[in-house]
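Add chain B to chain A, keeping to what the hints say.
Letter by letter, the chains look like this.
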Amino acid sequence: QQQVKQSPQSLIVQKGGISIINCAYENTAFDYFPWYQQFPGKGPALLIAIRPDVSEKKEGRFTISFNKSAKQFSLHIMDSQPGDSATYFCAATAEVTDSWGKLQFGAGTQVVVTP
Amino acid sequence: DTAVSQTPKYLVTQMGNDKSIKCEQNLGHDTMYWYKQDSKKFLKIMFSYNNKELIINETVPNRFSPKSPDKAHLNLHINSLELGDSAVYFCASSQYGGPNYEQYFGPGTRLTVT
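As they're listed, the protein sequences go chains A and B.
Going by my numbering, the first residue of the first sequence is number 92, and it counts up by one from there.
Going by my numbering, the first residue of the second sequence is number 206, and it counts up by one from there.
Next up, chain A with everything else stripped away, as it sits in the complex (with noise of 0.2 Å):
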């Protein structure tokens, strides 16, 4: 059973638009939320992450934005790049001693960023 759902699956937007990615979960203890990017044959590389005390974090043209009540959290690209282009994962975790570093990950969304 998946615990976080990811949406869209892909999306193509143009040079200087906005991407949104967005993700939601069940499980309230999770405590740590990562962003991974993934480029064609390549690992994920951690993009930017936040944990549940704050609303938002922004990290250049990246931008998490947080809301726990509704238990959701999303990626914004802003003025997105041909080198955006990639697939960026949503993931979660709890920091329980039996669990850590358990990354639960979205099922992705592949981001397409035309000329």
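It should be emphasised that the hints constitute simulated quantities derived from the structure, not laboratory data.
If you're wondering where the values come from, they're calculated on a predicted model, not measured in any experiment.
One or more hints might be untrue.
As the list claims (entries may be wrong) - Stretch by stretch, here's where chain A covers chain B in the computed footprint (C-beta under 8 Å, at least three residues):
#1 245-256
#2 292-302
#3 310-318
To be verified - Residues of chain A placed beyond 12 Å of chain B at every Cβ, according to the derived structure:
#4 Ser98
#5 Leu102
#6 Ile103
#7 Ala115
#8 Asn118
#9 Glu147
#10 Lys149
#11 Gly151
#12 Ser156
#13 Phe157
#14 Asn158
#15 Ala161
#16 Gln163
#17 Gln172
#18 Ser176
#19 Val203
Heads up, the beta-carbon is just placed ideally off N, CA and C, and yes, glycines get one too.
Coordinates of chain B only, in the frame set by chain A:
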């Protein structure tokens, strides 16, 4: 370069064979993981080791056996390979209890079972 490395990058084998994938990290981390990424790109954790001790063991067939000779290495041995084992296998590492949980992934091993 500091990184997580895996060998081999590609592995093509026949059903019923036994194969191993090796992983090494030189980031000084004490926790290592194996993930499986299926054909739909879904990523699922299989195992994790902290200081050579198994701490996460997901519902994975007994044919999969991880081994950690030291905290910088985590190998995955697969017995009696099946068609459904075809996937990309990623090794990752992190520092246990670290404030950011960040996991560093290797480049992956694409396993094809024919």
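Hints versus structure:
no., hint, in the structure
1, 245-256, "holds (count 8)"
2, 292-302, "holds (count 5)"
3, 310-318, "holds (count 4)"
4, Ser98, "14 Å, holds"
5, Leu102, "15 Å, holds"
6, Ile103, "17 Å, holds"
7, Ala115, "16 Å, holds"
8, Asn118, "15 Å, holds"
9, Glu147, "18 Å, holds"
10, Lys149, "17 Å, holds"
11, Gly151, "17 Å, holds"
12, Ser156, "19 Å, holds"
13, Phe157, "16 Å, holds"
14, Asn158, "21 Å, holds"
15, Ala161, "23 Å, holds"
16, Gln163, "20 Å, holds"
17, Gln172, "22 Å, holds"
18, Ser176, "15 Å, holds"
19, Val203, "14 Å, holds"
Hint violations for this structure: none, all hints satisfied.
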